[in-house]
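Participant: Construct the complete structure from the given sequences, taking the supplied hints into account.
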Amino acid sequence: VAQPPGTLTLIGEKQVEKVTITRIDYNKDTIDESQVENVSTIKPPETKSTVSWINVTGIHDIEVIQNICNNFSIHPLVQEDILNTMHRPKVEELEDYMFIVLKMLYYEEEELNSEHISLILGPNYVISFQEREKDVFAPVRERLHKGRKKLRESGSDYLAYVLVDAIVDHSYFILEDLAEKLEGLEDEIVYDPKPELLQHIHSLKGEMIFLRRAMWPIREMINEMLRSESKLIKKTTNVYFRDVYDHTIGVMETIETFRDIVAGFQDLFLSSVSNKMNEIMKTLTIMATIFIPLTFIAGIYGMNFEFMPELKWKFGYFGIWGFMVVVVIFMFFIFKRKRWF
Amino acid sequence: VAQPPGTLTLIGEKQVEKVTITRIDYNKDTIDESQVENVSTIKPPETKSTVSWINVTGIHDIEVIQNICNNFSIHPLVQEDILNTMHRPKVEELEDYMFIVLKMLYYEEEELNSEHISLILGPNYVISFQEREKDVFAPVRERLHKGRKKLRESGSDYLAYVLVDAIVDHSYFILEDLAEKLEGLEDEIVYDPKPELLQHIHSLKGEMIFLRRAMWPIREMINEMLRSESKLIKKTTNVYFRDVYDHTIGVMETIETFRDIVAGFQDLFLSSVSNKMNEIMKTLTIMATIFIPLTFIAGIYGMNFEFMPELKWKFGYFGIWGFMVVVVIFMFFIFKRKRWF
Amino acid sequence: VAQPPGTLTLIGEKQVEKVTITRIDYNKDTIDESQVENVSTIKPPETKSTVSWINVTGIHDIEVIQNICNNFSIHPLVQEDILNTMHRPKVEELEDYMFIVLKMLYYEEEELNSEHISLILGPNYVISFQEREKDVFAPVRERLHKGRKKLRESGSDYLAYVLVDAIVDHSYFILEDLAEKLEGLEDEIVYDPKPELLQHIHSLKGEMIFLRRAMWPIREMINEMLRSESKLIKKTTNVYFRDVYDHTIGVMETIETFRDIVAGFQDLFLSSVSNKMNEIMKTLTIMATIFIPLTFIAGIYGMNFEFMPELKWKFGYFGIWGFMVVVVIFMFFIFKRKRWF
Amino acid sequence: VAQPPGTLTLIGEKQVEKVTITRIDYNKDTIDESQVENVSTIKPPETKSTVSWINVTGIHDIEVIQNICNNFSIHPLVQEDILNTMHRPKVEELEDYMFIVLKMLYYEEEELNSEHISLILGPNYVISFQEREKDVFAPVRERLHKGRKKLRESGSDYLAYVLVDAIVDHSYFILEDLAEKLEGLEDEIVYDPKPELLQHIHSLKGEMIFLRRAMWPIREMINEMLRSESKLIKKTTNVYFRDVYDHTIGVMETIETFRDIVAGFQDLFLSSVSNKMNEIMKTLTIMATIFIPLTFIAGIYGMNFEFMPELKWKFGYFGIWGFMVVVVIFMFFIFKRKRWF
Amino acid sequence: VAQPPGTLTLIGEKQVEKVTITRIDYNKDTIDESQVENVSTIKPPETKSTVSWINVTGIHDIEVIQNICNNFSIHPLVQEDILNTMHRPKVEELEDYMFIVLKMLYYEEEELNSEHISLILGPNYVISFQEREKDVFAPVRERLHKGRKKLRESGSDYLAYVLVDAIVDHSYFILEDLAEKLEGLEDEIVYDPKPELLQHIHSLKGEMIFLRRAMWPIREMINEMLRSESKLIKKTTNVYFRDVYDHTIGVMETIETFRDIVAGFQDLFLSSVSNKMNEIMKTLTIMATIFIPLTFIAGIYGMNFEFMPELKWKFGYFGIWGFMVVVVIFMFFIFKRKRWF
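Residue numbers (the numbering used here), protein chains in the order written: chain A, 37 to 377; chain B, 37 to 377; chain C, 37 to 377; chain D, 37 to 377; chain E, 37 to 377.
Fair warning: there could be bad hints in the mix.
Given that identical chains are not distinguished, each listed pair holds provided it fits within a single copy or across any two copies.
Unchecked claim - With a straight-line cut-off of 30 Å between C-alpha atoms, the simulated BS3-like cross-links for lysine-lysine are:
1) Lys318 with Lys230
2) Lys217 with Lys372
3) Lys374 with Lys217
4) Lys271 with Lys185
5) Lys84 with Lys182
6) Lys79 with Lys54
Quick caveat, the hints were computed from the structure, so don't treat them as lab data.
Only a predicted model underlies this, so the values are computations on that prediction, with no experimental measurement involved.
Facilitator: So this is what it looks like as structure tokens:
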């Protein structure tokens, strides 16, 4: 994962076949969406009155990324971070743009994964880099086209807020999924603590660690944005970022609660297994304690000594049966007192 | 749970049939309470000498909420938060009003729940939004009517304090309920660690997590209010908010203590089950250790070898009984030394 | 526990029969102690050269408390806190006096309890409110009478220090009691882990939680006093409060150490029970493993088949004994290798 | 490990045979590498336009270290720390140079170890001290020779950054190794919890503690460098150090995640062993519960009483078989209901 | 332990027979060491050019301590702390001297103890109070006599540093002792988890708590010294105190690492005991599962029914042996599949 500073390399796997670049230029009155084929044509908008949103899907074609970035004079270290899908969420303020790294969580084949998303927020443009095709930004595009006033009238900072908000709110779906998984688990653990459950709990625990690790720095990052006094984010937009921050706090708290619940499940599982074992041992002990003395008595009268007076008594056999019944009743009485039933 | 910014939606369930709006206008000398039917008539009081308290019960009718808020020119994001029953407690200072989100805890059918309560504190009005009909504010209304001097003479900030205080103090009832639940539990765990108890402990643990999650941000929120230098809260009222803050600290400490106690119960349960198992195993081992050798001896003299001299001895049978008694006494001696009795 | 602001109510139980009020007026040269019968006569001293210490034992007579407080123009919220025995330790600076809440720990019938003690420190008076008669302040009174220079020459702030110091130092006795309780416990746990011990450990744990909860805010409170720049506490007295602060840190550290020790005891208990169980199981397994095969062999030759050649051999019986002895020796060898002895 | 201040002693073991000193003097246009034989010739470069990098491999020859340090007038305490291989990573700003202590992690014979590396960053020189020959700096040297512009054009601070970056990035290899070790472990623990695994988990835990202890202070150290306002580090280079800081945060987070995972493994192991035990106990109990009563019945009819009517019945033998089969079926039914199969 | 302010009392035990006082006056050129018999002669040095080090061994003679302190006009509270061997490490700046409390750790009869050491650092003197005779300061005295330049030429602050350093560095010996104790323990725990080991682990844990409690405040104390801007400590000496601070951080980190290791041992022990139990249970279950059915079969043919056809078959006996062998082989096969071997 180590990269010598200055060489651009993709850290992570190629997730889409072809890099797709969409550009939307909009202002209060007009909106224009186009697929970009020639990378060299991507330049910052010339007039201040238009906001440009350039969305890049697929980051494996390093040359494309490098070309776009150079057109916007993005620092080489930032370019490295765009390509480093292992990089943790952060925000960095540079001379005349802001660099934001985010993670979008998703389930794929029952496994929790995260997509590396980078945003570059300039004075009148936003560039977004996505690893995969699944379009979390589609609703944003739709809202732009539908001409929702607030979004169309505001600047690039509001667009950045809408994009960050889309990503943070997406994590609620993951939390709902997890909440459902946690639901029925408790009863199952108490009444039927199977080994499979153990692994299930363990994998849930792993997902919590993953979630926490992805969301915590997002929270930190937005907090840092709030505290920064960058000119790129207008005061009126700050209120909205504060709202996103509230959401990330809510997400973090839910994750912490889930962690506590899952930790509780593990304890519950252990206790439940102990209980089960107790029940098994009780059964064994009751059976053994009742029959071992009886078998001993039967053994006694199975001995072949020549002189054993009881054997010759007329009611010896029935007497011994009676004695055994008394022993069993006595045992039951003992068990009852020890609350084993 | 994700909401596109700008669209108002209720997050949570509808808790009452009909939205009820009560308005109380009061000052030192007069008080006037009325049910409001026409939402559009709700406006801030015109004179500075009167304080208006508008209480809205039921927040599912989005249009009603929106109308009221717009009359008081409340920010759309605040309106969203009023409707988002999942939102955590917080305080937000806006231009000329303060927005407070609170949670009121209550038990319903043995389950701990929380109601989402929002307050808007303006220069001479307070608007309160409640989810449910159960009226935690009834005593406040009564005190207003009874003409208690302090309350009637002070401004909207003191009214806000009284409302927040009512909610925070309500949580003491929950704590008392929990304290009672915890009481008898210890003995039960030590003397009869049944599986049902385990689940009971686990659900108590869950309630603690719930409580903590609801109360912690309330504490934080009041702390923020104390530190804020808003003009809405007079210096003389600040002393009272400090008092509420003290209460929230007290509540948090009690919750932490309860958490420690419940955590201790889980350990106690596990140890108790281990002890029980020990006792069972001891019983089994004593029985087996005594009778297994005896049964073996009986087995020996049940063999059918032609030449077994002991079988022909006159006192063979009684001798063997004697030997067995010696073995049993020896065993008892061993067990005694191992402190198994 | 919820109290509507403004109504004085005792929260807690009545601990003494009758409220007793003692007043000591002293300065460098004179000292005058008297029992106060008429509450309305209690007023702040008129000359600056005298310090008055008014000690109130018993706080259940609300009217008495209210009268005294009103004579010294104490804020109603402070009066509430004096009566709220559940209130946590704190210090509050008001216009011209300081309000201090403390807890004095004591054992009563083997149970750890805390007494609610409030101090009001004015420019030339100290009022102290005690719940119970047990007089932790007796040595202070004695020192005043004995004319110890430092105390008699200093102002009310030094008196307050001496009172706070008396209460903090009292907690050392509790710690010594606990230390003694912890002492012999370890050996008992390792060698004889009885269920009673478990409950004993659990109740010690509870006492630690109680102690911690009482002492922590006292520490915080004295720290706050040190940081405050109140005119009521002279610079020369501050050194003494710093000393008390050091003591509270010491107390807290000892409590933390005890907590660690008790937590260790719980682990030790569990491990010890496991060990015990191991020993029991080993005994059972050794007995069963030795005798089960032997009993089987005896069973074989107890069968009644007509054709069993061994039964007719002359040395069959002794041969079988020999074989059994070999089996037992072999078993012993196996157990030895598994280190079961 | 205690050293009287002022005496230089190597704390740690000698790791190489002979001390090797390499010197590279470079600027934008020229580069010159040489092996230094005569220690006294090592002096700071005279012109400001050249940067000198002096790399010392092997620190056991105290005299050599002392000579070099004295030529650069390094403080005696810094010299001590260069020789103290136990010293934790730190950064220290002195009059005209900066002293950096780092740890490089490596695996040797399956064991995690750390190498003590010290850097001295002067205005136009960097001195690096390595314990071992394994050359983590080789790629840096190569890049210098290949004339990579950025590195050759920048000052000594950029060289220091490149060296620190090389060491931090090296730790990713260790993390990858650990990730691989953790991978297959989970399945093994659940399905075959052997005692060896326990020790394996324990040693992994130890490695985590080791890693954390080595990396945490490196993070702290770089953070301190970022906050320092030393003239030695140019503003443009600071961006690069910020990047290294990001890496150390990433490394720390990965270590924390691994710690959580390994802690989870220990819990998993315990639960897994409990499960295994449960299964064993069930087998035993099923066997015993089925056969103990049957053996008892067989014992009954093995008794030698003279009067036992059943023995003489024609179908007594087959009847008893039938009864036994009924008992077994009944037992199976019970076990089924208890979900033991 | 409670002490009324103003009365000097020794808290702790008398550790030496007789109080010994040594005085060393030194400067760059001369050094003079003498045993002091007459306490009243101990006064601060008159000239600024000489540094006096007064070392007091044994603090049980309160009058002696008081006399010395009064000669140097030491505050009564400081005198109390010198005599309070329970007092935690701290530093306190007073008007013209600094008061330092330290703990020196040592093993006595296999038990970890701490000695209370107090230093008073004046402008040109240092007074040190030791509880016991064992001389940790001997090497310092020797270095003074040997005329080591730095020490002889520097002022009292450097002497104080050397003394503090001697005490901190002494703790490395304790750590080395502990490291040795921890070494072989792991293997023992995994392969032979005896109850004695449990107590051994527990006592190690106790020592960690003790160590941590002694060293943590020393760290805090030196940190406070570094941050203080006292005139008593020269800027050039501050570098040395920073070095001691680094050492205390190192010591604390090692203690934390040891704590983690010992905590891991406890877990390891529990798991190891579980494993052992598993093995025992497996042995029991294998024996019982094999022989119980066989014994049952033997029991069947030991019955005395008149009509049992198998008994009369010629190969009945051998047939039954064959059947038993088949059963045993089948069992082995089952156990193999369950991986019990």
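Participant: Work down the list of hints and note, for each, if the structure agrees.
Facilitator: Here is what the structure says about each hint:
1. Lys318 with Lys230: both (20 Å within a copy, 13 Å between copies)
2. Lys217 with Lys372: between (41 Å within a copy, 28 Å between copies)
3. Lys374 with Lys217: between (39 Å within a copy, 26 Å between copies)
4. Lys271 with Lys185: For Lys271 and Lys185, only the intra-copy Cα distance (18 Å) is at most 30 Å; the inter-copy one is 42 Å.
5. Lys84 with Lys182: within (22 Å within a copy, 44 Å between copies)
6. Lys79 with Lys54: So Lys79 and Lys54 pass the 30 Å test inside one copy only (21 Å; across, 56 Å).
Consistency note: the structure conflicts with none of the earlier hints.
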